[in-house]
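K.L.:
Sequence:
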Amino acid sequence: MGATERWPQAPAAGTEAAMEILLIIRFCCNCTYALLYKPIDRVTRSTLVLHDLLKHTPVDHPDYPLLQDALRISQNFLSSINEDIDPRRTAVTTPKGETRQLVKDGFLVEVSESSRKLRHVFLFTDVLLCAKLKKTSAGKHQQYDCKWYIPLADLVFPSPEESEASPQVHPFPDHELEDMKMKISALKSEIQKEKANKGQSRAIERLKKKMFENEFLLLLNSPTIPFRIHNRNGKSYLFLLSSDYERSEWREAIQKLQKKDLQAFVLSSVELQVLTGSCFKLRTVHNIPVTSNKDDDESPGLYGFLHVIVHSAKGFKQSANLYCTLEVDSFGYFVSKAKTRVFRDTTEPKWDEEFEIELEGSQSLRILCYEKCYDKSKVNKDNNEIVDKIMGKGQIQLDPQTVETKNWHTDVIEMNGIKVEFSMKFTSRDMSLKRTPSKKQTGVFGVKISVVTKRERSKVPYIVRQCVEEVEKRGIEEVGIYRISGVATDIQALKAVFDANNKDILLMLSDMDINAIAGTLKLYFRELPEPLLTDRLYPAFMEGIALSDPAAKENCMMHLLRTLPDPNLITFLFLLEHLKRVAEKEPINKMSLHNLATVFGPTLLRPSEVESKAHLTSTADIWSHDVMAQVQVLLYYLQHPPISFAELKRNTLYFSTDV
Numbered sequence: 001m002g003a004t005e006r007w008p009q010a011p012a013a014g015t016e017a018a019m020e021i022l023l024i025i026r027f028c029c030n031c032t033y034a035l036l037y038k039p040i041d042r043v044t045r046s047t048l049v050l051h052d053l054l055k056h057t058p059v060d061h062p063d064y065p066l067l068q069d070a071l072r073i074s075q076n077f078l079s080s081i082n083e084d085i086d087p088r089r090t091a092v093t094t095p096k097g098e099t100r101q102l103v104k105d106g107f108l109v110e111v112s113e114s115s116r117k118l119r120h121v122f123l124f125t126d127v128l129l130c131a132k133l134k135k136t137s138a139g140k141h142q143q144y145d146c147k148w149y150i151p152l153a154d155l156v157f158p159s160p161e162e163s164e165a166s167p168q169v170h171p172f173p174d175h176e177l178e179d180m181k182m183k184i185s186a187l188k189s190e191i192q193k194e195k196a197n198k199g200q201s202r203a204i205e206r207l208k209k210k211m212f213e214n215e216f217l218l219l220l221n222s223p224t225i226p227f228r229i230h231n232r233n234g235k236s237y238l239f240l241l242s243s244d245y246e247r248s249e250w251r252e253a254i255q256k257l258q259k260k261d262l263q264a265f266v267l268s269s270v271e272l273q274v275l276t277g278s279c280f281k282l283r284t285v286h287n288i289p290v291t292s293n294k295d296d297d298e299s300p301g302l303y304g305f306l307h308v309i310v311h312s313a314k315g316f317k318q319s320a321n322l323y324c325t326l327e328v329d330s331f332g333y334f335v336s337k338a339k340t341r342v343f344r345d346t347t348e349p350k351w352d353e354e355f356e357i358e359l360e361g362s363q364s365l366r367i368l369c370y371e372k373c374y375d376k377s378k379v380n381k382d383n384n385e386i387v388d389k390i391m392g393k394g395q396i397q398l399d400p401q402t403v404e405t406k407n408w409h410t411d412v413i414e415m416n417g418i419k420v421e422f423s424m425k426f427t428s429r430d431m432s433l434k435r436t437p438s439k440k441q442t443g444v445f446g447v448k449i450s451v452v453t454k455r456e457r458s459k460v461p462y463i464v465r466q467c468v469e470e471v472e473k474r475g476i477e478e479v480g481i482y483r484i485s486g487v488a489t490d491i492q493a494l495k496a497v498f499d500a501n502n503k504d505i506l507l508m509l510s511d512m513d514i515n516a517i518a519g520t521l522k523l524y525f526r527e528l529p530e531p532l533l534t535d536r537l538y539p540a541f542m543e544g545i546a547l548s549d550p551a552a553k554e555n556c557m558m559h560l561l562r563t564l565p566d567p568n569l570i571t572f573l574f575l576l577e578h579l580k581r582v583a584e585k586e587p588i589n590k591m592s593l594h595n596l597a598t599v600f601g602p603t604l605l606r607p608s609e610v611e612s613k614a615h616l617t618s619t620a621d622i623w624s625h626d627v628m629a630q631v632q633v634l635l636y637y638l639q640h641p642p643i644s645f646a647e648l649k650r651n652t653l654y655f656s657t658d659v
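All residue numbers for the sequence shown refer to full-length UniProt numbering, where the first residue is 1 and numbers rise by one.
By construction, these hints were calculated from the structure, which means they are not laboratory data.
Certain hints may be false.
[To be verified] Taking lysine to aspartate or glutamate and the EDC-like style, the derived pairs with C-alpha atoms no more than 16 Å apart in a straight line are:
| no. | residue 1 | residue 2 |
| --- | --- | --- |
| 1 | Lys281 | Glu543 |
| 2 | Lys425 | Asp411 |
| 3 | Lys314 | Asp261 |
| 4 | Lys183 | Glu213 |
| 5 | Lys425 | Asp105 |
| 6 | Lys649 | Glu527 |
| 7 | Lys495 | Glu527 |
| 8 | Lys317 | Asp345 |
| 9 | Lys372 | Asp345 |
All chains should be built: construct the whole structure from the sequences, respecting the hints.
P.N.:
Here is the structure:
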């Protein structure tokens, strides 16, 4: 209706016109509220109620699965509504006058001119834009600089074989990444101490600034998984991601948009300026994903062990060779922690495999489902590995209230029409440090190492020698050896035969998955009633590794080894040489000395029961700092020239044995 047909013309009628307009607007608003917002608001409220009901309903209650299904349906509905009506995604138009929506955005590491740059990447319905946030003093005037853009009609993904011609990615040195983690943990501890002592806000802000700088460097330098894109006109771009999950997300989002009828175009400088200017308003990811960006009242994440059973999967349309991997976040990026066996030629794999995953401030668990490829021609030139196809992926938040129970919590992750059923429960770090000596002194697990070696008349326990021998025989080139978790049931089976001194040990070892054997060795050291480097010496190791003078540190660290009981020392030196041999194969197995120290450090060196109880009141950040120091102790010895037991003992004559 035109203005001349509807609105009063005379100034005297202004009040009546205003009242009439107000009534019309109010009527429209009431209709909109009743027809659109009220039902959605009702669903939102119902979702919150369902979430609360689940929290207070026992897992074994008959209504629990029904509540889970209802919550999942409700959340999926709200997600689809948000995607369809999000007003922030309709503020830009294309050169043809069509609506250009923001579909996805996030911070990615780009390799440009042989250096790593942090970029904010925006995926619109017809274009991918790579931008850099301008540094300005006033936050509300922040803007983006466009580094480059590619119309989706011109964007192509190179095949793994084509990656050979692209510049190769050189990973950042592990020891520098570990140093960053150490600094972050130390700064977190200092911040907590300042807060506890009600320190000056300036001092806290200064510490936070230092922590942010280190977190930023870690985020910039830790990703290693290449994500390459090409412009049909010849220009190539390379991003580095921390996980196959992110790479798959970006690839799928782009390929979904490319199914539409897209046309190539060139943006004028004005159009590009308008598009880039809209990024600050449209962005959905506001902060770089580092912990210092979180509010103080946000969860610090979980520290301890997450037990996960991957049960089964449904929804595959064709038979395939299928397996799953598990990832958790740590220090702002994701790390692969476990992998199921390949279930061959099936549409309904049933793994029923349990894994124990160590968490370091983790907040999310990811499950990725792959189809195994055996075609040797499909090799990724970046890492010389055969490329497996991602069939689906999903992520859940690790809610402490849900996870921290003695009972298993069963759930389902839906991914691209595929449903993966899994269960999980969590053991906090303070609980995992509780010692449980074996009641059967005839076994080896939970029995003092001196008792075992004396009984066996050996210098190194039989279980250690056999596991090391098997790993070196057929697992030393296994990617992620000692980092990737073995199946818990296999580990328990090996534990039982070693405890029983079964005659079939060697036969069982030769048939067992190598990650289970590696896991059995780690479990043996973790279940010792006293850690290998002893309770008594723990404080001295912590002090020794903190020394700044190299000569003083050398004297102290060697003196501490001499002070160990002989069975502990000989076993430790035997393990050191084995781990060094594993690290020699780093180009193949991806396990450096630093990675191995991260795996074994907290296992060989742990606080005593008394110190563990003292830590019950400590923060997760202090726990993290302790773990980092434990890693540094083992790393010191791994990086040290070969250490001889006989040489150490000869030097005992010249040093005091008191610590």
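K.L.:
For every hint, state whether the structure bears it out.
P.N.:
Evaluated hints:
Restraint check for Lys281 and Glu543: the C-alpha separation of about 50 Å exceeds 16 Å, so the hint is violated. Of the pairs offered as hints, the one joining Lys425 and Asp411 holds, with about 11 Å between alpha carbons and a cut-off of 16 Å not exceeded. For the suggested pair Lys314 and Asp261, the alpha carbons sit about 33 Å apart, so the restraint of at most 16 Å is broken. A C-alpha spacing of about 10 Å is found between Lys183 and Glu213, which places the hinted pair at or below 16 Å, so the restraint holds.
For the hint linking Lys425 to Asp105, the alpha-carbon distance of about 33 Å lies beyond 16 Å, and the restraint is violated. At roughly 28 Å between alpha-carbon atoms, Lys649 and Glu527 are farther apart than 16 Å, so this suggested pair is violated. Between Lys495 and Glu527 the alpha-carbon distance is near 11 Å, which keeps this suggested pair within the 16 Å criterion. For the hint linking Lys317 to Asp345, the alpha-carbon distance of about 12 Å falls within 16 Å, and the restraint holds.
Between Lys372 and Asp345 the alpha-carbon distance is near 10 Å, which keeps this suggested pair within the 16 Å criterion.
Taken one by one, the earlier hints fail for this structure at numbers 1, 3, 5, 6, listed in ascending order.
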